[in-house]
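Student: If you want the building blocks of each chain, they are given just below.
There are 2 protein chains.
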Amino acid sequence: MNYRAFKLSKYPQGKITMDIFDQVSLPMPALKEGEFLVKQTHMSLDPAMRTWLQERDDSYMPPVQIGEVMRSYGVGEVVESLNPRFPAGSRVVGVTGWSEYVLGNEEMTIIDPSVSAEAVLSIFYITGLTAYAGLMKIGMPKKGETLVVTGAAGSVGSLVGQLAKAEGLRVVGIAGSDEKCKWLVDELGFDAAINYKSDNLEAQLSAAAPNGVDIFYENTGGPIQEIIFNQLNRFGRVIVCGVIADYDSAIPAKGPSWVDINLKSLRVQGFIATDYLEISDEAVSVLGNYLAQGKIQYKTHTVEGFENLPEGLMMLFKGENTGKFVVKF
Amino acid sequence: MNYRAFKLSKYPQGKITMDIFDQVSLPMPALKEGEFLVKQTHMSLDPAMRTWLQERDDSYMPPVQIGEVMRSYGVGEVVESLNPRFPAGSRVVGVTGWSEYVLGNEEMTIIDPSVSAEAVLSIFYITGLTAYAGLMKIGMPKKGETLVVTGAAGSVGSLVGQLAKAEGLRVVGIAGSDEKCKWLVDELGFDAAINYKSDNLEAQLSAAAPNGVDIFYENTGGPIQEIIFNQLNRFGRVIVCGVIADYDSAIPAKGPSWVDINLKSLRVQGFIATDYLEISDEAVSVLGNYLAQGKIQYKTHTVEGFENLPEGLMMLFKGENTGKFVVKF
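For the protein sequence lines, the chains are X and Z, in the order given. Each number in the working numbering corresponds to the 1-based position in the first sequence with 867 added. Each number in the working numbering corresponds to the 1-based position in the second sequence with 867 added.
Hints were generated in silico from the structure; no laboratory data involved. Every residue gets a Cβ at the ideal spot worked out from N, C-alpha and C, and that includes glycine. Each hint can be trusted.
A partial selection of chain Z residues facing chain X, derived with a Cβ cut-off under 7 angstroms:
no.	residue
1	S926
2	V1126
3	R1134
4	F1138
DSS-like mimics (lysine-lysine), calculated; alpha carbons at most 25 angstroms apart, straight line:
no.	chain 1	residue 1	chain 2	residue 2
5	X	K1121	Z	K1064
6	X	K1131	Z	K1131
7	X	K1064	Z	K1121
8	Z	K1131	X	K1004
9	X	K882	X	K1185
10	X	K1004	Z	K1009
Make the full structure from the sequences, and use the hints.
Tutor: Here it is as structure tokens:
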């Protein structure tokens, strides 16, 4: 029996295109002692994927190589096992790849049967840890402060905003459509939301953050970055989670001048979730409590069909999703 | 009796020029209860002065106003006193101004008679606190790491490099002449120094910091900033103490792209010494010990004569000093 996978055929030049992936058919592996086989059911599509396709050797992990199955994480079921820690029938989350079946690995985590794959991918795995660690450990939020988050209708951004609200902050979201902004304010309880494709962004931000910006959770990059940066208060913190807008560029756009960093004692700090694996349990616990209390909610944008992965990724980078982008197969 | 002072007559457009200051003659004040009069003997000239002449209201302190005596700090002697905490004959350091005589203020600090004015201004006051707080509290240096410091032959930079050496780091200094570089390596014990006015700076830095850069103590800004930034290791820290090269510009040069901040989990943090006043005693103690052990030394570039203040400031911004710039009058 064979299964489908997508291999990287070439690196993108600028934007992601359909033709950088080859769909292939691979033979099912025969398990050796200690191995187990996972049938993936839900795969996450993430902005970080663009960074894994950059040919640079000094990032936090090496780029996906030409001819390799594309990297990803997802949820699946153990369908065959020679590993007693991961018996057949258990459900797992972990690094999987763009592949219907994957060999399991010891870093995978067994999922509580009462939690849905959507909840795991939206809240209780890398996405939740990214939101939680960035906001709480780097942002160090204090009640009454003002937070601005970009990519606010995305999986991490929507969680950051809700978590900040739950912690007593004023929250302003930046998103790419009026519909997304309406969702942020009406459904998620953000204090204000700004469509970055509209006009007079400086004035809109001043109105939405009348006491200035204390924490800027950066998910997107692009021209809005400097507008938010310019309205930071003294001792402001910037959490650089992602700068999607700049990943496509051979020469990424420059950042704001460091004069304000100096004169306003600002801190601009980047991170990736795996820097904070040691607080995974804390993140799960805090986010789980807020979820149970109804203080945070999640939404998935689900596309069905393994064959739709490349198109899904392109949709993600066009910002066509609201909430977590999941492909179900 | 009258005394001399310099008042600000207009804000600089770009570089500092002689004509932005007016020398004036002011009448000696009659002291009220609790006041004391200080005859200033040594005044410090500092890069931060350029930032006090910027017309912006969101910096860490308001700009000097037109018609006000120019702000500064210095050392002087109490010559008349109606304040028992500051008796006549005591020596003090504090915020003074470009003025031969100043009314004392409660924030002034009485100086141990055994310590010279030069040592106070170079090591035991704002300059020392700036070097110490930035390096130790923001940089969090670890033995064996590599530090690069710009403005390395200046008062803060030369102290940062020596302190880092004393703490077991590899230290690379960036300065503006071969002579200064020679002083850093031969006299202060830096591992390497680079004249930023020479060629092939990337290659020179790679050779001087073969294991990459862990801490970048930024005193100058300018094109060298990005060259150092690009060679930062994962989890690198950047201490933004000053960006002199950009203070003169109406539109300051942009900073490096945030992509590396994201992918390498970098931290870029600004500060001013007064954010760290609570560790003043710690700084004095640590720096004093290293000074006593001969692990750090200081050098002052002293100009004599009150009337030479404006020219001295221009010399400072041309980088014509090595070590702490002091005007003695």
